[in-house]
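Engineer: Sequence:
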Amino acid sequence: MRNHEIKEKTVLLNSSGNLTEPGWARRQFWEYNRTKIQAPAYRIKEWDYYIIIHDGKRDGSESFAAAFTLSDDGYVGLQSVSLLHLDEGNAYEHTETVLNVFPMGKMKMPSSIREGDVIYKDKRLDLSYLKKEGERRIKCDFKDFKKGKDLKADIVLKEADEDSMTIATPWDADKRFYYNTKVNCMPASGSIEYDGKSYTFDPEYDYGTLDWGRGVWTYDNTWYWGNGNAKIDGRRFGFNIGYGFGNTKAASENILFVDGVAHKLDDVDFGIPNDPDPKAMEGPEYMKEWKMSSSDGRFEMTFKPVLDRAAKLDFKFIISDQHQVFGRMSGKAVLDNGEVIELQDVLCFAEKVHNKY
Numbered sequence: 001m002r003n004h005e006i007k008e009k010t011v012l013l014n015s016s017g018n019l020t021e022p023g024w025a026r027r028q029f030w031e032y033n034r035t036k037i038q039a040p041a042y043r044i045k046e047w048d049y050y051i052i053i054h055d056g057k058r059d060g061s062e063s064f065a066a067a068f069t070l071s072d073d074g075y076v077g078l079q080s081v082s083l084l085h086l087d088e089g090n091a092y093e094h095t096e097t098v099l100n101v102f103p104m105g106k107m108k109m110p111s112s113i114r115e116g117d118v119i120y121k122d123k124r125l126d127l128s129y130l131k132k133e134g135e136r137r138i139k140c141d142f143k144d145f146k147k148g149k150d151l152k153a154d155i156v157l158k159e160a161d162e163d164s165m166t167i168a169t170p171w172d173a174d175k176r177f178y179y180n181t182k183v184n185c186m187p188a189s190g191s192i193e194y195d196g197k198s199y200t201f202d203p204e205y206d207y208g209t210l211d212w213g214r215g216v217w218t219y220d221n222t223w224y225w226g227n228g229n230a231k232i233d234g235r236r237f238g239f240n241i242g243y244g245f246g247n248t249k250a251a252s253e254n255i256l257f258v259d260g261v262a263h264k265l266d267d268v269d270f271g272i273p274n275d276p277d278p279k280a281m282e283g284p285e286y287m288k289e290w291k292m293s294s295s296d297g298r299f300e301m302t303f304k305p306v307l308d309r310a311a312k313l314d315f316k317f318i319i320s321d322q323h324q325v326f327g328r329m330s331g332k333a334v335l336d337n338g339e340v341i342e343l344q345d346v347l348c349f350a351e352k353v354h355n356k357y
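Residue numbering for the sequence shown follows the working numbering, beginning at 1 and increasing consecutively.
Just to be clear, a hint being listed does not mean it is correct.
Cross-link-like lysine-lysine pairs, in silico, DSSO-like; alpha carbons within 27 Å at most [claimed, not checked]:
#: 1; residue 1: Lys175; residue 2: Lys123
#: 2; residue 1: Lys197; residue 2: Lys279
#: 3; residue 1: Lys288; residue 2: Lys9
#: 4; residue 1: Lys312; residue 2: Lys147
#: 5; residue 1: Lys312; residue 2: Lys121
#: 6; residue 1: Lys332; residue 2: Lys291
#: 7; residue 1: Lys279; residue 2: Lys291
#: 8; residue 1: Lys9; residue 2: Lys175
#: 9; residue 1: Lys147; residue 2: Lys158
#: 10; residue 1: Lys312; residue 2: Lys123
#: 11; residue 1: Lys108; residue 2: Lys143
#: 12; residue 1: Lys139; residue 2: Lys175
#: 13; residue 1: Lys158; residue 2: Lys231
#: 14; residue 1: Lys132; residue 2: Lys279
Simulated from the structure, these hints should not be mistaken for lab results.
Required output: the full structure, derived from the provided sequences and hints.
Structural biologist: Rendered as structure tokens:
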């Protein structure tokens, strides 16, 4: 078992532009400074992604989710919003993306999750992330989101000073790194307004996750990532799982959260049917049942897909092939003290993504 834990503040990059100390942490102990990166500005990638899920199975309401992305990926910026309907047998989604050419730092993405707002505005999309003590607010006004109909959102995520999943991962290539934080289990309130309908989040049962990332990647990459939150036996439970991205010898990003306390896992395999080759995107049978398993026996799950949010961009030298699959997770998760948490039909997602850019 590896999972080297960082427990005190340190700088992220050394004088050569490489990670000072790869590993994982419960807080953002590494100090990120964009000016210390020794790579061209067009290779630097910075993004904040939020996913908020409402599971209607609890009270017989409709299940839905919303996702928001603000990113400055060097020679391209991708700002996107997704509205997903997640009821079995009637699942569908719509995603709209605004592309920007050569932002290269103009987005002024914050250097840590503790500070700074992120604001994007053009003639069609007005999307902002507003950060203050104890909460994150997402405000969105997307004109002509679909067929001339606008989408508006005003969502508040409550945030306590709790454990998160932070990881600093190198590549075998020089001056390449991935610095990432996942914040799970943030109670969500507010709503989305679209097509004459209101989609409202209940902070007692609905939660959001933040995926905050900064780094310089190699050109061709595949990753697996899964995340989910739920209230189980009166406690806030969340998980983050993933692999395939960079050199993870120092630490994995697999982790459980219960009422704000992290419980670290080792390796997890997603068990996607017919997925023998990480670079193969067309062979896997994404809508069949997945069998997830961990090397330490602490995350044993069956994942039943409801919706494959498949998206592909191909601009020759910029390629993104995504399968973000939403579904229901059932099985057992084991905490550090041996306690077993039973999951039953937890609405969540797991994805496989291949990028060249």
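Engineer: Does each hint hold? Answer for all of them.
Structural biologist: Hints and how they fare:
Of the pairs offered as hints, the one joining Lys175 and Lys123 is violated, with about 37 Å between alpha carbons and a cut-off of 27 Å exceeded. With a CA separation close to 40 Å, the supplied pair Lys197 and Lys279 exceeds the 27 Å bound. Among the hinted pairs, Lys288 with Lys9 is inconsistent with the structure: their alpha-carbon atoms are about 44 Å apart, more than 27 Å. Between Lys312 and Lys147, the direct Cα distance comes to roughly 21 Å. Compliance with the 27 Å bound is thereby established for this hinted pair.
For the proposed pair Lys312 and Lys121, the alpha carbon gap of about 25 Å is at most 27 Å, so the pair holds. Restraint check for Lys332 and Lys291: satisfied, since their Cα atoms lie roughly 12 Å apart, inside the 27 Å limit. Note on Lys279 and Lys291: the hinted pairing holds, with a Cα-Cα distance of about 20 Å set against a maximum of 27 Å. Taken as a hint, the Lys9 and Lys175 pair is honoured in the structure, with Cα atoms around 21 Å apart against an allowance of 27 Å.
A C-alpha spacing of about 33 Å is found between Lys147 and Lys158, which places the hinted pair above 27 Å, so the restraint is violated. Between Lys312 and Lys123, the direct Cα distance comes to roughly 25 Å. Compliance with the 27 Å bound is thereby established for this hinted pair. Simply put, Lys108 and Lys143 have alpha-carbon atoms about 24 Å apart, close enough for the 27 Å limit, and the pair holds. Taken as a hint, the Lys139 and Lys175 pair is broken in the structure, with Cα atoms around 35 Å apart against an allowance of 27 Å.
The hinted pair formed by Lys158 and Lys231 meets the criterion: a straight-line CA distance of about 15 Å does not exceed 27 Å. Restraint check for Lys132 and Lys279: the C-alpha separation of about 40 Å exceeds 27 Å, so the hint is violated.
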